[in-house]
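Asks: For the sequence shown, my numbering assigns the number 15 to the initial residue and increments by one for each residue that follows.
If you're looking for bench data, these hints aren't it; they were derived computationally from the structure. All C-beta atoms, glycine included, are put in the ideal place defined by N, C-alpha and C. Incorrect hints may appear among the rest.
[To be verified] Cβ pair distances, simulated, as ranges:
| id | residue 1 | residue 2 | range |
| --- | --- | --- | --- |
| 1 | Gly177 | Asp17 | 39 to 45 Å |
| 2 | Glu56 | Asp17 | 41 to 47 Å |
| 3 | Arg96 | Val38 | 26 to 32 Å |
| 4 | Glu52 | Gly163 | 52 to 58 Å |
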Amino acid sequence: MTDSRIVLFGATGYTGRLTAAALVGRGVTPVLAGRNAETLSELADELGGLQTAVADVGDPSSIRALIGRGDVLVTTVGPFHRWGAPAVEAAIDAGAHYLDSTGEPAFIRRVFEHWDGPAQSADIAMLTAFGYDYVPGNLAGALALEEAGPEATSVVVGYFTRGGNSVSRGTLTSAAQAALEPGFVWRDGELRDETVGHDLLHHPADRKRTPSSLSVSATEHFSLPRVYPNLLDVRVGIGVAGAATIAVWAGGRVVQELLRLPGARGIARKAVIATLQGSGGGPSDEHNANSGCLITAHAFATDGTELARVTLEGPSVYGFTAEALAWGAEQMAGGVVQERGALGPVEAFGLRGLESGCASIGLEVLRSS
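Please work from the sequences and hints to get the whole structure.
Replies: Shown next as structure tokens:
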């Protein structure tokens, strides 16, 4: 371990609190940062007496003051497309490594396309969407592609939950706003614009079950083609409503058509901002203890033949996110990540390193064939 500090920005939010506890559980003593000094102090005392610092996205210099060269900045402050830029730019300016918990397509794209070059110049690694969104799918997809071999030209990744869906207010806000922003997909060997929820994807599980998901834009679209240059198509989906996913998809297509009307998208953005104010409560400890995640990946040849199938199972969505951020931050502080710029999980840690790290936080391979 080096002398690098780990600074957790947004520590008193729902995901932030879980991440702070996960870091302490690993024997790490992070600096807890956020807007409210009193709330930070209370959390710091609960976790054994940690250092705190006040910072606010409205004052970018306060975020820059949190970190120095070689430190690791972990941020859970969203919605990221509104409030994420100050933390990224502070990390680049300071020469500090960066992780976040976003799942927002527009922000993910901005990290890879806008901040990749500056991050390389600053000699830092940036890992965006380093939680349930979208670490396990990168792992599952890579495992399937490794098993399939060079004949694989497409991969379909699916994210599912068990034990019911329950989300934090911050996640709900981010998801609502993400649906209003342009998305993307890796298709025919290039990144193309595509609306989130545009396609209904299918993920064969066995002879009787073929779960469906709504297409989303994720880090897999940027990272997996760089690791596996033969990839022509990368599809990622989230099973949002079980058997009702098909109905949700159909309704979403209608909404997207309505949003094409003049002024409709702007009105919808204002409505989301007015009614959903980001951070707040989330699923109970009991819900997290009794829920989990299931991730699938199918690799295909050019003619559509399925070459490999991988299924992963893990802890709750928020439990995984917190533990993944804690593990990733600890690895970065220890100098494990040697690549620089905006990276996907496999690029940062290597396939075996990522697989080992995910296994240590409860993500296991159920099936590989």
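Asks: Return the numbers of the hints above that this structure violates; sort them in rising order.
Replies: Hint 2 is the one this structure does not satisfy, whereas the remaining hints hold.
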